[in-house]
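Engineer: Starting from the given sequences, assemble the full structure and let the hints guide the process.
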Amino acid sequence: MTMTHPYQGIPRYSRWKQGVVDGVETSVLTAGLRFRGLQSDDRVFSAGSCFASNIVPYLERAGITYIRTEKRPRVLSGLVDGLGYENFSARFGNIYTSRQFLQLLLRCTDQWRPREDRWRTDRGLIDPFRPGLAFIASSDAEFNALTGSHLLATRAAIEEATVVIFTLGLTEAWQATDGSVFPVCPGTIAGEFDPAKHHFMNLSTNQVAEDLIACHAQILEINGDARFLVTVSPVPLTATATGKHVVVASLESKSILRAAVSEAQARQKEIDYFPSYELLMGWQTPPGCWDKDMRTVTRAGLDYVMSALLGAEGVTSKDQPAQAHMSRAETLSQIISEAECDEAMYGKFA
Amino acid sequence: MSIGAATTMLELVSIAEVAPQWVGSRSPVLLIAGHSHRGAFVDYFNRSGGGNVPVAILEGPMGDDSDASSYWSTAVSTARAGGLPLAIVWDGNRHIAHFLLESDEMFSVFPATGPWKDGLRRPLIPRSLLREFFVVHSLSGLRTVLKGCAGLSVILLGTPPPKSDDKVWLGARRERMLIEAAERLGMTLSALRLTPLPVRLELWKITQELLSEIADEFGAMFVAVPASAFSNGALAPRLSVEDASHANGLWAEIMVREATRALGA
Chain A
1 MTMTHPYQGI
11 PRYSRWKQGV
21 VDGVETSVLT
31 AGLRFRGLQS
41 DDRVFSAGSC
51 FASNIVPYLE
61 RAGITYIRTE
71 KRPRVLSGLV
81 DGLGYENFSA
91 RFGNIYTSRQ
101 FLQLLLRCTD
111 QWRPREDRWR
121 TDRGLIDPFR
131 PGLAFIASSD
141 AEFNALTGSH
151 LLATRAAIEE
161 ATVVIFTLGL
171 TEAWQATDGS
181 VFPVCPGTIA
191 GEFDPAKHHF
201 MNLSTNQVAE
211 DLIACHAQIL
221 EINGDARFLV
231 TVSPVPLTAT
241 ATGKHVVVAS
251 LESKSILRAA
261 VSEAQARQKE
271 IDYFPSYELL
281 MGWQTPPGCW
291 DKDMRTVTRA
301 GLDYVMSALL
311 GAEGVTSKDQ
321 PAQAHMSRAE
331 TLSQIISEAE
341 CDEAMYGKFA
Chain B
1001 MSIGAATTML
1011 ELVSIAEVAP
1021 QWVGSRSPVL
1031 LIAGHSHRGA
1041 FVDYFNRSGG
1051 GNVPVAILEG
1061 PMGDDSDASS
1071 YWSTAVSTAR
1081 AGGLPLAIVW
1091 DGNRHIAHFL
1101 LESDEMFSVF
1111 PATGPWKDGL
1121 RRPLIPRSLL
1131 REFFVVHSLS
1141 GLRTVLKGCA
1151 GLSVILLGTP
1161 PPKSDDKVWL
1171 GARRERMLIE
1181 AAERLGMTLS
1191 ALRLTPLPVR
1201 LELWKITQEL
1211 LSEIADEFGA
1221 MFVAVPASAF
1231 SNGALAPRLS
1241 VEDASHANGL
1251 WAEIMVREAT
1261 RALGA
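From first to last, the protein sequence lines are chains A and B.
Residue numbering for the first sequence follows the numbering used here, starting at 1 and increasing by one per position.
Residue numbering for the second sequence follows the numbering used here, starting at 1001 and increasing by one per position.
Think of the hints as simulated: they come from the structure by calculation, not from any bench.
None of these values were measured; they are calculated from a predicted model.
It is possible that part of the hints are untrue.
To be verified - The calculated lysine-lysine pairs, modelled on DSS-like cross-linking and capped at a C-alpha distance of 25 Å, are:
| # | chain 1 | residue 1 | chain 2 | residue 2 |
| --- | --- | --- | --- | --- |
| 1 | A | 244 | A | 197 |
| 2 | B | 1205 | A | 71 |
| 3 | B | 1117 | A | 71 |
Structural biologist: Below is the structure:
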């Protein structure tokens, strides 16, 4: 009589020797996960940590539509807002925590209004949730209009999407007295830290899982057809406020995030997960994926992750030609202006 | 260089190609110099039949840095020699050169928040960003000119507000060069979309705010375009030349009146 047990007949990649020692096939690293992949006709919205912005050029080169609802005319491209506001579907900048993303979604649907929603300075009003914006409102009325316009654009981007990708970055965060979560601690990039108003929080596995489930529900409120794809950034913390060594704090934080995704998936069957964290922090991670500071993912590392997300073809696509400096509309605007300028004016009044 | 005799527009064409030359009143109370919008003041002079207008206008090429330097040098030295106020018409076309036609990346500027007739979204861009854009692209040369005006009475004149869509299209269709350029870019004029007037108006207002601020900075006087020059948020049609951007002598007359009033002349 033959003994049978659950490990008989498992796929080759499920065994360490055949799945790792004998060579890792990147294409099967997503096997067994709830990951429905990306199709060429998908329209992608993304938000998250710095790592999340790295995927955008790959998506665009692969011919997948990356939604941007707050684009600016190219003629203004020389005036850049700092800290990656250009890099996502709308100009919300880096969103490191599940709580901040959830609150952004709630603000888009007018279900959450942060009490501490602006910091007043001599040069204008700073948005605490986008503290690195270089160009800011000069009055309360303009601030309200800019914020409202941004939230509408964020909502519109989700409405257009077939896939909403969110990359979890951190568990550590700073919040206001009403629970509003800032992207960075007040006083670091802008604003002033006030210990009476600004409190440290370190999200638990359960809190992150509940946030993700709530994010999924909010996304469906906005766009019932959108899929929610979660990833975890492998990039460690720059600094920790826990008092622990930054390596220990980073691993604790990433472990919580990874466990929280599994918990959220267990409770909500429609949430997808793509293993960018495992790809770059796994035992199989190829050498050369991390820079000397052991915090920056190299181009080779990004290629490795994106080949799993898009297939090798998506990564090796040729770079698109650089966009022309001026749009056709701007070219013609300039022609009109030049045609009516100075010397050309001499005949106008004859 | 002294201020010459009254000159007609036909003579101007050749004059402008060779050297800066004053035209207008023999005994002006105001000297006017600047970019293309100075043409409105020449029109003002011509409409008077070469008669009794209180201004002289410096005509001349400004095509390159050397021409512009010579032009402004003539303007400043003449004003200084005659003890006359110098009224500067600076640029005034930057909002048109970059934003007359709407690019695919549509935007607006507070307080022009819509809703828009076409139902499309136009996310807001901070005014501070557009101010910086115009400072970089338009005003550095003005600072240089104003630095050379120490001791002079200087007026910065407001420039013409944007025109209504109808007026812009009417003017654009007369520009064969524009039509040909559009065709080369695979477009027809009818397929082009103008930046909505409320957005163009805000962009223009930013340029006027900057002129006013730079006037304060250099102790000059800024003469704003008065409400009487507007109709429905655009340059009043009676003040418009048949092109996309310029005003006529009637507009110049209004501005001269405002300027002389400001001078207490």
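Engineer: May I ask which of the numbered hints given earlier this structure violates, with the numbers listed in increasing order?
Structural biologist: none
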